[in-house]
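Participant: Sequence:
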Amino acid sequence: MKSAIVGILVGIGVVLFVLSLVWTQIFTGESRWTPEKADQWAEVKDRLHNLSFIVNSPEPPRRHASREEAQAEYDKVKAMANQLRSEFENAYDGPRTTATVLKWSGVGVLVLGIGLQFAWKDQG
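Residue numbers (this note's numbering): -13 to 110.
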């Protein structure tokens, strides 16, 4: 009975660890982060970059729009950029977080199984 428990724990630990190695290849996050979102994020970052020169310049440049209008657009684009960055980070980190949990759970269960094997071996 004891050897069956040890075998099951070691088997589960190995399965969890192996699953953690392939988890990011199976679940890549592409369902939440599409090429269209990537293109949109690139456009938003470009617009934010261009607006930063207008908003942060010491003297307002000669242009038709006022500095207040540029600041309002900058704030709007900055909020959109932050939202897209958050979506990207969630799509990128989600599978990796799961893989990390699987890996350390597998290692823990494997160590528990091996530890029980040595503990029960000494008993008899």
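Please keep in mind that the hints were generated in silico from the structure rather than gathered at the bench.
Careful: at least some of the hints might be erroneous.
[Claimed, not checked] Estimated spans, in silico, between C-beta atoms of each pair:
{"hint": "1", "residue 1": "F74", "residue 2": "V8", "range": "49 to 57 Å"}
{"hint": "2", "residue 1": "V97", "residue 2": "P21", "range": "40 to 48 Å"}
{"hint": "3", "residue 1": "K64", "residue 2": "A105", "range": "56 to 64 Å"}
Ideal Cβ placement from N, Cα and C applies to all residues, glycine included.
Participant: All hints are to be evaluated individually against the structure, with a verdict given for each.
Facilitator: Against the structure, the hints come out as follows:
1. F74 with V8: 49 to 57 Å: 23 Å Cβ-Cβ, so the 49 to 57 Å window is violated.
2. V97 with P21: 40 to 48 Å: holds (42 Å)
3. K64 with A105: 56 to 64 Å: holds (58 Å)
The earlier numbered hint that this structure contradicts is number 1, and it is the only one.
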